[in-house]
Amino acid sequence: MTVSALSRRNRHSHIKNGSTTANVIIYTFLGLLSLIFLYPLYQVFVCSISSPSIVMARNSLMLLPEKIQWGAYEVVFQNKNIWTGFKNTLIYLFLGTCIQYFITLITAYPLSLKNLTGKKVVMIYLTITMYFGGGLIPTYLLLSQMKLINSMWVLIIPAAANVWNIIIMRTQFVNIPDELKEAAIIDGAHDGILLFRILLPLSGAVSAVLILFTSVGYWNMWFEPMIYLTKRSMYPIQSVLREILIDNNTSMASAGANRNSQAKILRETADQAAVYHLIKYANIIVSTVPILCVYPFAQKYFVKGVMIGSLKG
Amino acid sequence: MPGKAADPYQKPLWVRFRKDLRQHYLAYLMLIPAVVLIFIFHYIPMYGILIAFKNYKPKLGILGSQWIGLEHFRNFFTGVFFPRLLRNTLWISIYGSVIGYPMPVILALLLNEVTHLRYKKVLQTISYMPYFISTVVICGMLKSFLSYDGLFNALGRMLGNPPISYLSEPAYFPSIIVWSGLWQSVGWNSIIYMSALSNIDQQLYEAARIDGCGRLRQAWHVTIPGIIPTFVILLILGMGSIFAVDSSKILLLYGPQTYETGDVFGTYVYRIGIKGGEFDFSAAVDLCQTVVGFLLLILVNWISRRTTEQSLW
Chain W
1 MTVSALSRRN
11 RHSHIKNGST
21 TANVIIYTFL
31 GLLSLIFLYP
41 LYQVFVCSIS
51 SPSIVMARNS
61 LMLLPEKIQW
71 GAYEVVFQNK
81 NIWTGFKNTL
91 IYLFLGTCIQ
101 YFITLITAYP
111 LSLKNLTGKK
121 VVMIYLTITM
131 YFGGGLIPTY
141 LLLSQMKLIN
151 SMWVLIIPAA
161 ANVWNIIIMR
171 TQFVNIPDEL
181 KEAAIIDGAH
191 DGILLFRILL
201 PLSGAVSAVL
211 ILFTSVGYWN
221 MWFEPMIYLT
231 KRSMYPIQSV
241 LREILIDNNT
251 SMASAGANRN
261 SQAKILRETA
271 DQAAVYHLIK
281 YANIIVSTVP
291 ILCVYPFAQK
301 YFVKGVMIGS
311 LKG
Chain L
1 MPGKAADPYQ
11 KPLWVRFRKD
21 LRQHYLAYLM
31 LIPAVVLIFI
41 FHYIPMYGIL
51 IAFKNYKPKL
61 GILGSQWIGL
71 EHFRNFFTGV
81 FFPRLLRNTL
91 WISIYGSVIG
101 YPMPVILALL
111 LNEVTHLRYK
121 KVLQTISYMP
131 YFISTVVICG
141 MLKSFLSYDG
151 LFNALGRMLG
161 NPPISYLSEP
171 AYFPSIIVWS
181 GLWQSVGWNS
191 IIYMSALSNI
201 DQQLYEAARI
211 DGCGRLRQAW
221 HVTIPGIIPT
231 FVILLILGMG
241 SIFAVDSSKI
251 LLLYGPQTYE
261 TGDVFGTYVY
271 RIGIKGGEFD
281 FSAAVDLCQT
291 VVGFLLLILV
301 NWISRRTTEQ
311 SLW
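Protein sequence lines, in the order shown, are assigned to chains W and L. When we follow the working numbering, the leftmost residue of the first sequence carries the number 1, and every step to the right adds one. When we follow the working numbering, the leftmost residue of the second sequence carries the number 1, and every step to the right adds one.
Worth flagging that the hints you see were computed from the coordinates, not collected in a lab. Please note that the accuracy of each hint is not assured.
Said to hold, decoys possible - Quick list of in silico lysine-lysine cross-link-like pairs, DSS-like style, CA-CA up to 30 Å:
#1 W:LYS87 x L:LYS275
#2 L:LYS11 x W:LYS114
#3 W:LYS304 x W:LYS114
#4 W:LYS300 x L:LYS19
#5 L:LYS249 x W:LYS80
#6 W:LYS231 x L:LYS11
#7 W:LYS147 x W:LYS87
#8 L:LYS121 x W:LYS181
#9 L:LYS275 x W:LYS304
#10 L:LYS121 x W:LYS231
#11 L:LYS11 x W:LYS119
#12 W:LYS147 x L:LYS57
#13 W:LYS231 x W:LYS67
#14 L:LYS59 x W:LYS304
#15 L:LYS57 x W:LYS80
#16 W:LYS231 x L:LYS57
#17 L:LYS275 x W:LYS231
#18 L:LYS120 x W:LYS147
#19 L:LYS249 x L:LYS275
All of these numbers come straight from a predicted model, not from anything done at the bench.
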């Protein structure tokens with residue numbers, strides 16, 4: 001019997017015999033812990049479909065829905081601000097991610113070449129900005145001078161060259177074996193073909209990581225839209241949510257909702273505050289469920305991304 | 001090209017550059033967009049820092065405004081807000097580190113003891129979930145849960161406590177930021193330790209078992225020494241950003257009642273500068289923070305290189 005087989009058996013028996021109690025404690029503790037992660041959103045969902053007066057009476061502490069109604073969701077889905085927000089976010093996300101990824105590719109390639117004259121200077125030029133910058137105020141003044149306030153490009157162009165991504169992509173290109181690159185060059189490939197036909201297809205995983213992180217960044221973005229966009233018609237979803245959830249802007253929350261759906265939840269309670277609570281909860285669910293459906297499948301790329309980031313750091 | 005050039009070091013710079021320019025004109029072309037974008041959106045704002053030393057009048061522009069030297073800095077350091085901002089920033093940062101650094105390690109250690117792979121996978125996926133809920137939604141949920149008629153007061157009522165509006169109580173504010181931050185990121189931050197754990201040589205465990213170590217002593221003698229390097233590096237590097245508290249959640253949750261404990265450098269710069277229009281003064285405040293942060297980063301990096309032979313650059 002080999003050593004490893006022996007040890008596997010040992011380990012197995014040790015778990016079976018030695019630490020059953022410890023296992024029970026650890027498994028139970030982690031199970032309870034995961035409830036702490038899950039409960040808040042579950043609670044929000046349960047309240048959003050329960051009767052407003054019951055939710056109010058219980059201070060939102062509910063384990064199961066009671067007197068189920070979907071009125072709050074009707075209000076959310078009829079709210080044109082939510083739809084515009086989703087649409088805007090998708091536009092910003094798509095354009096921003098595409099442009100940033102393209103610039104990452106074409107900048108990383110020359111920097112990955114051996115002995116390209118001037119490469120070091122450009123690297124230093126880029127790296128400095130990772131550690132030192134002008135800060136919020138000078139950037140704000142610059143962008144307002146450039147008349148980028150209230151333009152969708154303000155969320156896209158200033159973020160288009162991301163030094164961190166460029167360096168990660170460059171490392172990926174450098175790590176591709178030289179033989180492949182040389183073979184392509186002998187076949188007469190110039191820089192463009194080398195990048196897009198040889199290097200890019202070999203960098204799928206890293207590309208996925210970078211694209212995912214940029215997309216999540218756009219999905220979550222709220223600060224830049226807050227200072228640079230003042231027109232509601234341009235708000236991304238997070239700005240709409242900020243007004244509804246943080247500023248308690250009731251007209252934002254029910255714009256375009258027809259009276260029937262409002263009336264349905266209001267029929268049993270006249271308490272506007274209770275109804276507004278439910279509408280907020282429904283907004284949270286509607287805006288969070290899409291990403292929660294996606295992330296478990298993209299998980300391995302995110303995990304990979306954490307490793308790439310930490311290796312650099 | 002790799003292996004082609006005879007010995008480029010012997011030719012003068014301009015000869016090499018001219019040769020590369022002919023051979024790799026496309027590569028140089030690819031560098032242009034990023035170089036231009038970085039210049040506009042990172043280097044011009046650095047020049048814009050000048051307004052911190054000026055009595056800035058938008059009509060006169062940055063160059064035309066009157067030079068007043070260090071007056072803004074003097075006003076800031078002798079003003080009433082400086083001690084409060086310093087105290088709050090340091091406190092939220094240190095409190096956050098004391099909670100935020102060990103907890104992911106503990107979670108990773110516990111997850112490491114789970115031998116049932118499916119259960120482990122599910123637990124991990126659940127623990128990452130809060131990381132994918134957007135900041136605005138997290139703050140919206142916190143606002144609801146912590147309100148006068150929210151979830152936390154429902155729990156408090158069961159214990160016989162009178163209801164409190166938690167978010168208006170300065171005493172609770174740092175804890176709210178820190179503990180909700182832990183909820184958001186503990187699972188995500190444990191990823192890096194999980195990978196450090198998977199890199200531990202299994203033979204060490206076998207050796208420990210042969211020496212008669214039980215589960216707890218295996219953890220103490222093998223697992224913990226295996227992840228200490230990762231922990232130390234992250235901790236040291238984290239110390240470099242002690243003045244750079246993430247102010248986005250604070251910005252969404254604080255209010256005049258909680259400025260006393262919640263106002264940090266980042267939120268102050270935003271409030272005075274972008275909202276209040278005192279661009280010159282707030283740029284000075286921001287610059288102080290950037291410079292101190294940068295010096296700290298250099299110091300910490302130096303310590304890290306001396307002690308762990310790991311550094312950022």
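Review point. Holds or violated: are the alpha carbons of LYS231 (chain W) and LYS67 (chain W) at most 30 Å from each other?
Key: Between LYS231 (chain W) and LYS67 (chain W) the Cα gap is close to 39 Å, so the pair fails against 30 Å, i.e. violated.
Practice item. Would you check the hint for LYS11 (chain L) and LYS119 (chain W), treating anything up to 30 Å between C-alpha atoms as holding? Key: Holds, because 17 Å separates the two Cα atoms, which is no more than 30 Å.
Practice item. Below or equal to 30 Å on CA atoms is what counts here, so check LYS249 (chain L) against LYS80 (chain W). Key: 27 Å, holds
Review point. Taking only the CA atoms, is the gap from LYS11 (chain L) to LYS114 (chain W) under or equal to 30 Å?
Key: 16 Å, holds
**Study point:** Holds or violated: LYS249 (chain L) to LYS275 (chain L), with C-alpha atoms at most 30 Å apart
**Key:** At roughly 17 Å apart (the allowed maximum being 30 Å), LYS275 (chain L) and LYS249 (chain L) satisfy the hint.
Exercise for review: Take a quick look at whether LYS147 (chain W) and LYS57 (chain L) sit within 30 Å of each other, Cα to Cα.
Suggested key: With a Cα-Cα distance of about 18 Å, the restraint between LYS147 (chain W) and LYS57 (chain L) holds, given a limit of 30 Å.
Review point. Has the given pair, LYS304 (chain W) with LYS114 (chain W), been kept, meaning a C-alpha gap of at most 30 Å?
Key: Status holds; Cα separation ~27 Å.
Review point. Quick one, are LYS147 (chain W) and LYS87 (chain W) close enough, alpha carbons at most 30 Å?
Key: 24 Å, holds
**Study point:** Pair hint LYS121 (chain L) and LYS181 (chain W), alpha-carbon separation not exceeding 30 Å
**Key:** 39 Å, violated
Check your understanding: Does LYS80 (chain W) lie within 30 Å of LYS57 (chain L) when you go C-alpha to C-alpha?
Key -> Outside the cut-off at roughly 41 Å; violated.
Exercise for review: Take the C-alpha atoms of LYS231 (chain W) and LYS11 (chain L), compute the straight-line distance between them, and say whether it is at most 30 Å.
Suggested key: Violated. LYS231 (chain W) to LYS11 (chain L) sits at ~58 Å, over the 30 Å cutoff.
Practice item. Mind checking the alpha carbons of LYS275 (chain L) and LYS304 (chain W) for me, to see if they're no more than 30 Å apart? Key: 39 Å, violated
The structure does not agree with the numbered hints 4, 6, 8, 9, 10, 13, 14, 15, 18 stated previously, though it agrees with the rest.
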